[in-house]
Amino acid sequence: MKMQESGENYLETILILKNQKGYVRSIDIAQHLQFSKPSVSRAMSLMRKNGYVVVDGDGNIELTEAGREIAERMYERHRMLTEWLIALGVSPDTAAADACRIEHVISTETFEKIKQHVFHA
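The numbering used here numbers the first residue of the sequence shown as 1 and each following residue consecutively.
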């Protein structure tokens, strides 16, 4: 089953925040994404149900192996596509915004070919 773009964004955000702060709570996600706390709570409930995150008794959110795999894939795509677009002359803000959209729709095959081209050109 293919995950929705919003789910991929949540998982990527959890990975980023965990790397920055060492812990992640729903409020951290809400602030980072500028979403309401109830929206994030609902999303985390779905993520738990589908096996992508676990939440401890203190409200700390951790990625499961399945969640981490998706988050790392999205984050790699985001970073590489942003850097590539900037190298092409796109402004950093536009590059980051465009990379965020592209990372969710590009096929694995196309991404791998772009990556090969960028790093072996």
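Heads up, some of the hints might be wrong.
Said to hold, decoys possible - Now the in silico label distances, taken between C-beta atoms and shown as ranges: (1) A87 x E109: 17 to 23 Å; (2) Q116 x P38: 20 to 26 Å; (3) E83 x R42: 20 to 26 Å; (4) V55 x I86: 31 to 37 Å; (5) I106 x G59: 29 to 35 Å; (6) E5 x V90: 38 to 44 Å; (7) D56 x L88: 40 to 46 Å; (8) E5 x I27: 30 to 36 Å; (9) A66 x Q34: 35 to 41 Å; (10) E109 x L88: 29 to 35 Å; (11) Y23 x H117: 35 to 41 Å; (12) E76 x P38: 26 to 32 Å; (13) V105 x S36: 22 to 28 Å.
Unchecked claim - Taking lysine-lysine and the DSS-like style, the derived pairs with C-alpha atoms no more than 25 Å apart in a straight line are: (14) K37 x K18; (15) K18 x K49; (16) K21 x K37.
Please keep in mind that the hints were generated in silico from the structure rather than gathered at the bench.
Note that the Cβ used here is the ideal one computed from N, Cα and C, for glycine as well.
Those earlier numbered hints the structure runs against, lowest number first: 2, 3, 6, 8, 9 and 10
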